[in-house]
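Student: Here are the chains, one letter per residue:
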Amino acid sequence: MRLALVGVSHRQAPVELRERVAVGPAEAAALAGSLADGCEAVVLSTCNRTELYLATVDVSEPLEERATESLLALAPDDAAALAPLLYRLGDDSAALHLFRVAAGLDSLVPGEGEILGQVRDAFDGGSTGPLLDRLFRQALHAGRRARVETAIGENPSSVPAAAAALAQQVFGDLAGHTVLLIGAGKMSELTARNLRSRGGTIGAVANRTVEHGAELAAQVEARAVSLDEVPALLATSDVVITSTSAPGFVVDLATADAALRSRRGRPILFVDLAVPRDVDPALSTIDGCFVYDIDDLQAVVETSLAGRRAEAVHAEQLVAVEAERFREWQASLAVVPAIAALRARAEEIRAGELAKSEGRLGRLSESERKLVESVTSQIVAKLLHLPTVRMKEAAAGTDGVIYADVVRNLFGLGEEEQSSRDR
Amino acid sequence: MAELLVWPALIGYGEAAFAYAGFLRRPGSSARLGIWGVRIGWLAQTGLLIAQAFDADGFPWGTWAGALNLFVWLVVGAYLIWGCTPRYRLLGLAVMPFAASLLLAAWAGGGTGASSGDTSSVLLALHVGLMLAGFAGLTLAGGLAGLYLWQDRRLKRRDVSVLRLRLPPLETLDRLSARTALISLIVLTTGIAVGVASFDRGDFDLAMATAITIWGLYAVGLLLRREGRIRARRFALLLVAGFALVAVALPLTHFAS
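Residue numbers (the working numbering), protein chains in the order written: chain G, 1 to 423; chain B, 1 to 257.
One should not assume that every hint holds.
Calculated pairs, SDA-like style, for lysine to any residue (alpha carbon to alpha carbon, straight line, at most 20 Å) [said to hold, decoys possible]:
hint : chain 1 : residue 1 : chain 2 : residue 2
1    : B       : K156      : G       : S245
2    : B       : K156      : B       : S101
3    : B       : K156      : G       : A344
4    : G       : K186      : G       : S245
5    : B       : K156      : G       : R263
6    : G       : K356      : G       : P337
7    : B       : K156      : B       : T172
8    : B       : K156      : G       : R261
9    : B       : K156      : G       : K186
10   : B       : K156      : G       : T285
11   : B       : K156      : G       : D280
Calculated directly from the structure, the hints in this document are not laboratory data.
It should be emphasised that the depicted structure is a prediction, and the values quoted were computed from it without experimental measurement.
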């Protein structure tokens, strides 16, 4: 069986070209269906890549050409620009590539979590047969192993995710904890969404212009207030996200001191995303008060990413093991017909010899007859066990085809069909 | 023969201590080894204690070394309740070297061998058992408070590895250490009550006075926390101070009396 992959990804192509060949899940399924004429096909399309996986038993089938034509046909106007940026991989290389993709090793941010779901969706929408079914199942397994057995996907890779993770380091479960947003910028919004997805409640959005804050407040189900209300809100908020364009501190030590002391040591986390800073760093001298500015968060994210990159080395080893297992399985396919023919021949001989002895066996009771059937089947199975194992082992190396030919020759497998065809 | 079980227990605890230290260098890699070390060590020590109980006529852990042996088993047993969950693995870094050292001391003092059982009174045995369980709980509360102070310091200093090497959340540590201290105090109170019922008036010594002082310190601390007068970092400091008192003053006064 042959496997071919043709694709374009963020490693070679800019987003202007990638977006021309990007397809949604329904289109990907339809494209896979149209490609599956005489072969298996899966289309994987994410924001970083569009890849076509094709497989067939017919070695003469020009899989790469078909896949290339189909991919370029998605953007006929940009075909000339796209063509030199396509990568074409076959068999082992294609399998290893998919395993790396599923493990998040080919992503912009190593170990990002979305890709595994996207591979699963592509698999579900694909027109798979024995090869691609096995390939994608094993890729999903490799992706899961990479995330479970290494820490590649554990740490946040963006400032909003880091801010939310920090809040969890202080409060644990964010359910029942109130977040105050000061400023209605894009980063505030992203951080608020991240905190909400982890159970936090956005209590209020404080903004210089209340109307502008109301827009974001409506999106995050909070109330819009003016900046004057901030000191009072500090006493009841657990996480404060600031991102105003104010020239000085919006929350200074004098303003916050009384409010924070009324919390009686209950922790409060300030995440200051603004430049110039909104929160007086002196607040961190108050017991239970933690202040992180944008540089602190960037440093945390950098360390997290460095950790992910370090874990990627371990994930690569794991993926290589999975790719090797797939290669062994694929190689074993070369001897499967010979093994099947050998077993069929042995069974035919066994059944034939039993039939010849029918006259003598006729005197046996039903249970004795079953015993004879069972014993003869076991003898055949035991005799064929070792040759089967050895052939599969040889197939995992490079001698599989030679072994298969030798077995066919020694046992005369397929000769009867050949002679009947000759007659 | 049964006393040989102290060795697998020691090796298990020691291995766990090293594995948790390795966890600091590369999170995730050696934690599983650490947990298995704790489990195997604790099972071996459980076997040792059962064997000692069968061999002895009375209460086999009445000596200081025997009491230390039982104390270590209680501490590690209590640790196992949380220690198996990923977030509390680093508690093992505080608990396991301590447990391994104390077990070694118990072995050196003859507390892991066969004992004739010098405490024949059931009340007295119950008193010793409850006191040890209470102190074991307070040790664990001290460990949790230590973790709290470490996490608080990392967050205050904006340590860049705060998300890479994750400790349990501050609020959880605060809640859990307070709860552990409260349960331990209840056990300790029962132990003291049993002790008062079984001792003669003339038996009152310096070790008992220290135990009652420690009890008072924790009781006042928990009361103040309940009233909201000390929380979070200050309460953690109090628990660590209490643990220092348990670890230093109690053995000193025991030997002095």
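Student: Hint by hint, note whether the structure agrees.
Tutor: So, going through the hints one by one against the coordinates:
1. B:K156 - G:S245: Violated, at about 25 Å.
2. B:K156 - B:S101: Cα-Cα ~32 Å, so violated.
3. B:K156 - G:A344: violated, 73 Å
4. G:K186 - G:S245: holds, 12 Å
5. B:K156 - G:R263: holds, 18 Å
6. G:K356 - G:P337: violated, 28 Å
7. B:K156 - B:T172: holds, 17 Å
8. B:K156 - G:R261: holds, 17 Å
9. B:K156 - G:K186: violated, 27 Å
10. B:K156 - G:T285: Roughly 9 Å separates the two Cα atoms, so the pair holds.
11. B:K156 - G:D280: holds, 14 Å
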